[in-house]
Amino acid sequence: MEERSAIAGQDVTLGLLAGGRATRLDGRDKAWLERDGVPQVLRLARRFGVGTGAILVSANRGLDRHAGAGLQVVADRVADAGPLAGLDALAAACATPWLLTLPVDLVDANDCLLPSLVAVAGTRGASAQDDDGPQPLVALWPVPALRGAVAEALAQRALAVQALQARMGMGVARFAGVRFGNLNTPDDLRAAGIDPT
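Using the working numbering, the letters of the sequence shown correspond one by one to residues 1 to 197.
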């Protein structure tokens with residue numbers, strides 16, 4: 001039987017993954033896309049950072065802008081490694097035993113997101129699955145294990161996040177009847193009420 005771990009909010013750092021290139025959006029910085037006048041990075045920080053021990057943002061541009069908004073930003077330490085580079089940077093900077101990651105282009109998620117991940121995490125962590133399928137960047141990671149696993153994956157250039165999670169033995173929290181959504185295309189922006197131009 002999987003050993004369960006008591007995870008308090010102060011044991012968790014919220015890590016927002018905002019380092020992507022947004023090629024399908026002509027390079028627009030997704031962190032600063034505004035919905036109802038609130039940039040994505042601030043919307044997610046305010047909603048899911050409440051009660052956590054800290055908030056970090058993995059980003060490779062707009063560093064002064066993040067800092068000006070009171071956000072602690074960490075840049076990739078490894079070039080051209082996609083989301084794994086962001087996970088590596090967040091894990092290296094994380095001072096809590098657990099890291100909750102969310103992609104900055106997430107449209108929405110349940111208020112029970114963290115408790116649902118905690119419920120299946122045990123000591124190995126958990127990722128989310130919504131009605132659209134696996135959402136590997138919506139995940140709760142045990143930081144010491146993540147540091148070792150992501151370093152090994154980067155050394156081998158094994159860059160698939162789901163493969164990393166499988167090697168770590170992470171569980172899956174299923175969110176039935178839920179679609180988190182992503183802001184990847186102009187149509188996605190329109191659907192979320194964001195001006196695509």
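Treat the hints as calculated values from the structure; they're not laboratory data. A couple of the hints might just be wrong.
[Stated by the list, open to error] Derived Cβ-Cβ restraints for the label pairs, each shown as a range:
(1) Arg65 x Ala92: 32 to 38 Å
(2) Ala155 x Ala75: 31 to 37 Å
(3) Val50 x Asp131: 34 to 40 Å
(4) Asp131 x Gly68: 33 to 39 Å
(5) Ala6 x Arg28: 36 to 42 Å
(6) Ala160 x Arg77: 15 to 21 Å
(7) Asp111 x Gly133: 17 to 23 Å
(8) Ala119 x Ala54: 29 to 35 Å
As the structure is a computational prediction, the values presented were derived from the model and not from experiment. Yeah, the Cβ is synthetic: ideal placement off N, Cα and C, and Gly gets one too.
Against the structure, the hints come out as follows:
1. Range check, Arg65 to Ala92: Cβ separation about 22 Å, and the 32 to 38 Å hint is violated.
2. For the pair Ala155 and Ala75, the supplied restraint of 31 to 37 Å is violated, since their beta-carbon distance comes to about 20 Å.
3. Take Val50 and Asp131: their Cβ atoms lie about 26 Å apart, and the range 34 to 40 Å is violated.
4. A hinted range of 33 to 39 Å for the beta carbons of Asp131 and Gly68 is consistent with their spacing of about 37 Å.
5. A hinted range of 36 to 42 Å holds for the C-beta pair Ala6 and Arg28, which are about 41 Å apart.
6. In this structure the hint that Ala160 and Arg77 lie 15 to 21 Å apart at CB holds, the actual value being about 19 Å.
7. Here the CB-CB span from Asp111 to Gly133 is close to 22 Å, well matched to the stated 17 to 23 Å.
8. At roughly 22 Å, the beta-carbon separation of Ala119 and Ala54 lies outside the given 29 to 35 Å, and the hint is violated.
Of the numbered hints listed earlier, those contradicted by the structure are 1, 2, 3, 8.
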